[in-house]
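Student: Chain residues, written in single-letter form:
There are 2 protein chains.
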Amino acid sequence: MKIGSTRIEVVIADVKAKIATVIYLPGTRLPSVRAAAKNHSFSPSTVVEAYERLQADGVIYSRPGAGFYVAESTLPLSLADIAPKLDRAVDPLWVSRQSLETSDNALKPGCGWLPPDWLYEEGMRRGLRSVAKGSASVMSEYATPLGLLELRQLLTRRMVGLGINAEPSQVMLTESGTQAIDLICRFLLTPGDTVVVDDPCYFNFHALLKAHRVKVVGVPYTSTGPDVDVFAAVLDEHKPRLYITNAAIHNPTGATLSPATAYKVLQLAQSAGLYIIEDDIFADFEITPATRLAALDGLSQVFYIGSFSKTLSASLRCGYIAAPTAWVESLLDLKIATGFGGGQLAAAVVLSALTDSGYRKHMNAMHLRLAKARSQTLPRLAKLGIVPCLLPQAGMFLWCQLPDGNNAAELANACLAKGVLLAPGNVFSQAQNAEHFMRFNVAQASDARIYEVLAESLD
Amino acid sequence: MKIGSTRIEVVIADVKAKIATVIYLPGTRLPSVRAAAKNHSFSPSTVVEAYERLQADGVIYSRPGAGFYVAESTLPLSLADIAPKLDRAVDPLWVSRQSLETSDNALKPGCGWLPPDWLYEEGMRRGLRSVAKGSASVMSEYATPLGLLELRQLLTRRMVGLGINAEPSQVMLTESGTQAIDLICRFLLTPGDTVVVDDPCYFNFHALLKAHRVKVVGVPYTSTGPDVDVFAAVLDEHKPRLYITNAAIHNPTGATLSPATAYKVLQLAQSAGLYIIEDDIFADFEITPATRLAALDGLSQVFYIGSFSKTLSASLRCGYIAAPTAWVESLLDLKIATGFGGGQLAAAVVLSALTDSGYRKHMNAMHLRLAKARSQTLPRLAKLGIVPCLLPQAGMFLWCQLPDGNNAAELANACLAKGVLLAPGNVFSQAQNAEHFMRFNVAQASDARIYEVLAESLD
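Residue numbers (our numbering), protein chains in the order written: chain A, 545 to 1003; chain B, 545 to 1003.
None of these hints come from the bench; they were simulated from the model.
Idealized CB from N, CA, C, for every residue including glycine.
Watch out, some of these pointers could steer you wrong.
[Unchecked claim] Computed from the model, here is a short list of chain A residues facing chain B with C-beta under 8 Å: (1) PRO660; (2) MET683; (3) ASP726; (4) ASN748; (5) LYS808; (6) LEU860; (7) ASP877; (8) ALA975; (9) GLN976.
Construct all of the structure, not just a fragment, from the sequences and the given hints.
Tutor: Put into structure tokens, the structure is as follows:
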């Protein structure tokens, strides 16, 4: 090895070591060639050569006239890097980003929420006006650590209707349903733990769990809940710490947990010491309440969470956790440490809108409107050979199989190019075996253009 | 060893192993004596004895008639357990909890925010009314991932006044200033990293960093910023990843970063590849703007954050990050994964209140009001021998030395018993060497009862 080559490698090793020990972070500008040469007492040409090799390896990149920078891909907590890269069309974060970024007028049958004019706009306006006239404290002050008492009391009364007995002191308000889940995960999980999810499941669970750097194992979801035999085998083999699932109307399948499955799942969880997050954000869409794990369990190992973004407003951020009593204090400490106090304002608007007599009427009208949208969407999809795996009792989703020979990710890419955002099966699937499935939101599926684009793009 | 004793130890070891491997979490109910006896094929009396020994050791506890439960203290992410336990009076979380939990009428000169009637109530009411009449989209929909464009544009214009040049595409709205810091920490830090803070510093930084399980090193804060020599030595010795500091009016000291110190700190940080979070939540209290690290650095290694909870309302949750361009995309992914979309509503109310012509008048009046409160508080404290370490140019805090022979934590405990919440020095101090100091909030210090209680309690 020539001396020149050794010196170049010294510079390369030095840069790589600083990246590995996170002294240089992605986006860090490297010392200038002149400065690095001086530091090492090498010639500038040695440094130029070293930087060029690092650049060729993708470790750094240059900006003309501005120097060299550490490349993004070395990011320690790039969510994209923790798990293998997926096709953008089946990357859960990409679907979230697309849904959030596309304009109101875009066609997005793959979107996970209702169009704004389906939400409780009038109740929200009334709630805002009432808060605008209300107490200075609600207007200006931090909430107590648990959050607005009146809303927590209301939530416990609503839970009673689902068979869940919680004290207001067990209910903690959060900034959103997602933040509620994240907070519990921060509390329960350490990197390397194993978490069970349904396969398919709400795709943001995958993104969230990546951020926690845990191992994720999927259990096939049937029309009555998770496959109990697989669930038992997974507990045996993987000793998971946590199971995250949707209550009531399952996302994306629209299936309903049966009492027998709920009972078996809970029995297995209890004997394995497995904790459960039961995410019940679609509760108010139900017509007949299904069994809740939190009801059977009595909030002993189940954390029950909810929010109002699917029915009242996604613009007003407010979620909640009903937690086992023993955990409340520690969750509160974590909430304060990572977000400080909550506000009273969002909670007060939610309280006003939920207690207002119009809310029940609004939801009754919503049930009918969704049933109608479902019955209109089904034949339009059927004409294209797209068939639901089951007929949901309620909610906005249809989990459908594509006609033979069609790949959901390819179809989603083709349709996106024509302005239609779809939600291909594999964004929901841990095992990545849902490539022939697609989730449709019937409330976002009325425009005839969607079916034209689908027809053009299907094989 | 008797066989009986061995069997007891088998049961004990089994329970302890399940706790250690987090199969049993705190609050988990242990199998009943009968069930455990059956599992192990031991007699019930063996299990009873094992459970009693575990209980005597504090590993489990019993609830009469309800069985045995794993004790709280074995909690994996109990913030209290990650660092050594402090006297409750100097536990940062305890001061936060007390401040958030005490009623509006309590005397809390230790509180970190203004009384509600000092905030911009009229602007908030106007903002809420205007949103209540505004677009359905603001009322109902998720914001785009970065958050409301008009507010981000306004924030960049405000930053220009401080010499910080940021594009609206570098500004990301968050649920609060604390959440902004937490998000950056999640992104930058892994457990075991080292973080530098000012000593003293805002006490919630300690709580937040505990939740990230990092090593924290303090650098003494002088009247012009951190002690530069110690700062340099800390970078050398500990190779920290991040420095978190307050911009402008330092909490708790009220000191102002000088241009010379800012320059040196930034130079040291840049050559060490150290990232900085500059928390500027007190910006609008300044009369003459001090130097910002983010301005000198050009948002290359500095993350600049702010919120509106100290001036507009703590009830409306909205904060922001101005981040180095290279980091924005990954921060957005993390924000979506852990909190999904933000709302438009809080941002719209903030936008309305800040652009409303009354805000500047409100803040001008606030400056005068604070100056008056400061001039009234100083002689009242001086009469008790409590002397500020420096006279702040602005803001609400006075960082004071107690008369000889007084310990701040003891004084805080004594005063709390008499209904006065204080903020003793050591809640702010990493080195725990501020036992003779106390932070007073002049806006919360007008009541004569405070000085009576202090006089009674001082040695």
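Student: Does each hint fit the structure? Answer for all of them.
Tutor: Quick rundown of the hints versus the structure:
1. Among the interface hints, the one on PRO660(A) holds; its C-beta lies about 4 Å from the nearest C-beta in chain B, closer than the 8 Å criterion.
2. Taking 8 Å as the C-beta contact cut-off toward chain B, the hint placing MET683(A) at the interface holds, the least distance being around 5 Å.
3. A distance limit of 8 Å between C-beta atoms decides the matter here; for ASP726(A) the minimum to chain B is near 4 Å, and the interface restraint holds.
4. The closest approach between the C-beta of ASN748(A) and any C-beta of chain B is roughly 6 Å, which is under the 8 Å cut-off, so the hint is satisfied.
5. Checking LYS808(A) against chain B by beta carbon gives a least distance of about 18 Å; that is not within 8 Å, so the hint is violated.
6. With a least beta-carbon distance of about 5 Å to chain B, the hint placing LEU860(A) at the interface is held under the 8 Å criterion.
7. Of the supplied interface hints, the one on ASP877(A) holds, with its beta-carbon coming within about 5 Å of a beta-carbon of chain B, less than 8 Å.
8. Against a cut-off of 8 Å between C-beta atoms, the interface hint on ALA975(A) is violated, since the closest Cβ of chain B lies about 20 Å away.
9. Hint status for GLN976(A): violated, given a least beta-carbon distance of 19 Å to chain B, over 8 Å.
Figure legend: structure checked against the earlier numbered hints; hints not met, in rising order: 5, 8, 9.
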